[in-house]
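J.: Note that the protein sequences, when read in sequence, are chains E and V.
At position 2 of the first sequence the residue is numbered 2 (the numbering used here), and the sequence of numbers has no breaks.
At position 54 of the second sequence the residue is numbered 54 (the numbering used here), and the sequence of numbers has no breaks.
Since the hints were derived computationally from the structure, they do not count as laboratory data.
What you are looking at is a predicted structure, and each value in this text was computed from that prediction instead of being measured.
Here a beta-carbon is modelled for each residue, glycine too, at the ideal position from N, C-alpha and C.
Check each hint, because a few of them may be wrong.
A short list of chain V residues far from chain E (calculated; beta carbon distances all over 10 Å) [as the list claims (entries may be wrong)]:
no., residue
1, Val12
2, Glu14
3, Gly16
4, Glu20
5, His29
6, Asn52
7, Asp63
8, Arg64
9, Phe65
10, Glu68
11, Val74
12, Ser87
Keeping only pairs whose Cα atoms sit at most 25 Å apart, straight-line, the calculated DMTMM-like set for lysine to aspartate or glutamate is [what the hints assert, rightly or not]:
no., chain 1, residue 1, chain 2, residue 2
13, E, Lys99, V, Glu68
14, E, Lys70, V, Glu44
15, V, Lys11, E, Asp38
16, E, Lys70, E, Asp18
17, E, Lys99, V, Asp56
18, E, Lys99, V, Glu85
19, V, Lys17, V, Glu68
20, V, Lys57, V, Asp18
21, E, Lys51, V, Glu102
22, E, Lys109, E, Glu41
23, V, Lys57, V, Glu85
24, V, Lys57, V, Glu102
25, E, Lys99, V, Asp63
26, E, Lys70, V, Glu102
Residues from chain E that face chain V, not an exhaustive set, calculated with beta carbons under 10 Å [said to hold, decoys possible]:
no., residue
27, Gly40
28, Leu45
29, Tyr100
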Amino acid sequence: GQQLNQSPQSMFIQEGEDVSMNCTSSSIFNTWLWYKQDPGEGPVLLIALYKAGELTSNGRLTAQFGITRKDSFLNISASIPSDVGIYFCAGHRTSGTYKYIFGTGTRLKVLA
Amino acid sequence: GAGVSQSPSNKVTEKGKDVELRCDPISGHTALYWYRQSLGQGLEFLIYFQGNSAPDKSGLPSDRFSAERTGGSVSTLTIQRTQQEDSAVYLCASSLQTGVRETQYFGPGTRLLVL
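Excised from the complex, chain E in its bound form (with noise of 0.2 Å):
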């Protein structure tokens, strides 16, 4: 199935240094969504966005749903070991229903 290009792939950084990730389509989207996914768990949802240009804060998490309406980017501040996780981005078409498009996720590893 198709799949968002999302990247980095994955990180190493310190605790305490902001993060950032980002997603890019060849299609226009109409949702942006970022989900955090733990070891042996299922994918939780951080960040919901639906308009072109929507800036949103859930915490220490920052997303944006770009202009072009085919990226998106997530900022994470002030990292801390509990962060560890792989990140995916999720899009939803124009011209779709309720079938997202995943990101193949960002691997976040925080050293303390």
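Please arrange chain V on chain E, whose structure you already have, making use of the hints.
T.: This is chain V only, laid out in the frame that chain E set:
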């Protein structure tokens, strides 16, 4: 409150055998989704159920895959004549209704290994 539960949590089977994976959605959720997550990959949509409507099976990779949802609640994903490439984590999600702004709540997944 209970979230989405899946069983078994892990399943090892031999190539050619059939397997059944179970999903118990959150009570009252009318929409149910199955996804497949292969190693190092994102989630791949498999099938979707909404109430009593006919399911959307467009994501099923082959006719060896089937799913049913009994009584609008519990769902079973069946893989017949398993192949090694079927090895993956199978995730189930449910949402209160269908809609762009309806949050999908995921279960912990069933890790399937086909030897």
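J.: Which hints, by number, does the structure contradict?
T.: Result: no hint breaks.
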